[in-house]
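> Working from the sequences, and respecting the hints, build out all of it.
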Amino acid sequence: MTTIMPKSELARRALEWIDDQRLSGKDNTNALVQEALIRFNLGPKDEMFLNAFFKDTSKKQEKSPE
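Numbering (the numbering used here), first residue to last: 1 to 66.
Treat the hints with care, since some could be wrong.
In the SDA-like style, the derived pairs of lysine to any residue whose C-alpha atoms are separated by at most 25 Å in a straight line are [to be verified]:
1. Lys26 - Asp56
2. Lys55 - Leu42
3. Lys55 - Ser8
4. Lys26 - Leu10
5. Lys26 - Lys45
Computed beta-carbon distance windows for the label pairs [claimed, not checked]:
6. Glu9 - Glu35: 15 to 21 Å
7. Asp20 - Glu47: 15 to 21 Å
8. Gly25 - Lys45: 16 to 22 Å
9. Asn51 - Leu23: 28 to 34 Å
10. Glu9 - Asn51: 18 to 24 Å
11. Met48 - Asn28: 14 to 20 Å
12. Asp19 - Lys45: 27 to 33 Å
Keep in mind that the hints were calculated from the coordinates and are not lab data.
Computed from a predicted structure; not experimentally measured.
Where is the CB? At the ideal position from N, CA and C, for every residue including glycine.
Quick look at the structure:
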């Protein structure tokens, strides 16, 4: 039986999946976002959100001293 989830839940799961992939060493965020769109059946608004989220995240990591 298939469970229907609201779009926001699918976007949340895609976000977690992309983050896990990046932590495991895959660094091509654009390719991961494209794969997540297909894997989680997301639309254009979700794509814009994911791209903006990871763009902002990478900028914050560049600014923070290690």
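> Taking the earlier hints as the rules, which of them does this structure contradict?
Hints 8, 9 and 12 are the ones this structure does not satisfy, whereas the remaining hints hold.
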